[in-house]
Amino acid sequence: MEREGRYHSKGGRIRIGVPASLSASSSVQGTMASKSSSDSREPVNEQIILNTYANMRSEINQIYSKITELEMEVSEHSLVIGAIQPLDPSRCCYRMVGGVLVERTIKEVLPAVQRNKEGLDEVIARLNEALENKKEEISEFELKYKIKIKKADSETKEDPNQKEGSAQGVLVGPAS
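Going by the numbering used here, the letters in the sequence shown line up with residues 30 to 205, in that order.
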């Protein structure tokens, strides 16, 4: 027996197939007692499954945002490296270290900025690996519990004749 779970996330609804033994209306205690001893991490009911799924999606979103943040820092490091590399190595420059502005030479700062950039690249690579692992984990979870994400009603009721990017308005050209 399948039941439909309602979970609202960014305008979507998740359809989840729950076996009859896990249904909230059936006697879960008797059937789960034997299962819980073999696998203590097995979700018990639909709400726990939905909460677990939401947590997994949240973790993926957090990883995405961290990767984006670090990629922006790498971009900033690249800009700094590009700006100071052609300059005279004995020239004075300033670097922010722990909230304190420190005066150094380009010869001292450039290798440190390059090392920081390389370290950020390594962290991004590890986060991308973790992201792929999480995506696989959530895919397995979706298959195991038959979770399907449906689009919100407002998205499906859009006019099919309207082309993407065809906004109505007035385009004004240069005055003649």
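Some clues are possibly wrong.
[Said to hold, decoys possible] Here are the computed lysine-lysine pairs in the DSSO-like style, where the Cα-Cα straight-line distance is at most 30 Å:
1) K179 / K164
2) K173 / K146
3) K173 / K163
4) K146 / K177
5) K164 / K180
It is worth saying that the hints were derived from the structure and are not from the lab.
Query raised in the report: Straight-line Cα separation of K179 and K164 no greater than 30 Å?
Result: holds, 18 Å
Query raised in the report: Within a Cα-Cα threshold of 30 Å, do K146 and K177 meet the stated pairing?
Result: Measuring from Cα to Cα gives roughly 40 Å; hence the hint is violated.
Query raised in the report: Is K173 within 30 Å of K146, Cα to Cα?
Result: Roughly 40 Å between the alpha carbons, so the hint for K173 and K146 is violated.
Requested in this report: Starting from K173, check that the Cα of K163 is at most 30 Å away, please.
Outcome: Holds, because 15 Å separates the two Cα atoms, which is no more than 30 Å.
Report task. Take the C-alpha atoms of K164 and K180, compute the straight-line distance between them, and say whether it is at most 30 Å. Result -> holds, 20 Å
Checked against the numbered hints given earlier, this structure breaks hints 2, 4; the rest are met.
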